[in-house]
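K.L.:
Sequence:
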Amino acid sequence: QLLVPGRGGAMGKDESPRSEGGAGGEAAQGEGGKKDIEVEIRQLLAKARSRMESTCAAQEENASRLKTLQKGFKDLKRQQTNVAREQQQTIGQMQNSLRS
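Each residue of the sequence shown is one higher than the one before, counting from 1 in my numbering.
In case anyone wonders, no lab produced these hints; they're calculated from the structure. Please note that a few of the clues may not be correct.
[Claimed, not checked] In silico DSSO-like pairs for lysine-lysine, Cα to Cα no more than 27 Å straight-line: (1) K35 / K47; (2) K67 / K77; (3) K34 / K47.
This one's a predicted model, so the numbers in the text were calculated from it and none came from an experiment.
Start from the sequences and build out the full structure, keeping to the hints where you can.
P.N.:
Here it is in structure tokens:
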């Protein structure tokens, strides 16, 4: 299926976005029609490039955020390990003081 800008829908294989008068519409347009097609192709390529650039920018931003989150979770795990160790030491001290 071909996507046609401005029409908001898909077209069948046999339909042409420029064939307004039926078959042979492109031949009737001649050089002007070919230039129109070339201009439209260039516009579509520019639009695709723009979308790719914005996607790449979003990817880079997400990668940066992911690194930040990974570092944060690593720090959190380290802190949790330290707190658990301190907690066990405190429990041990309290048990020893109860025994004495």
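K.L.:
So, for every hint listed, does it hold in this structure?
P.N.:
Now the hints, each set against the structure:
no. : hint      : verdict
1   : K35 / K47 : 18 Å, holds
2   : K67 / K77 : 15 Å, holds
3   : K34 / K47 : 20 Å, holds
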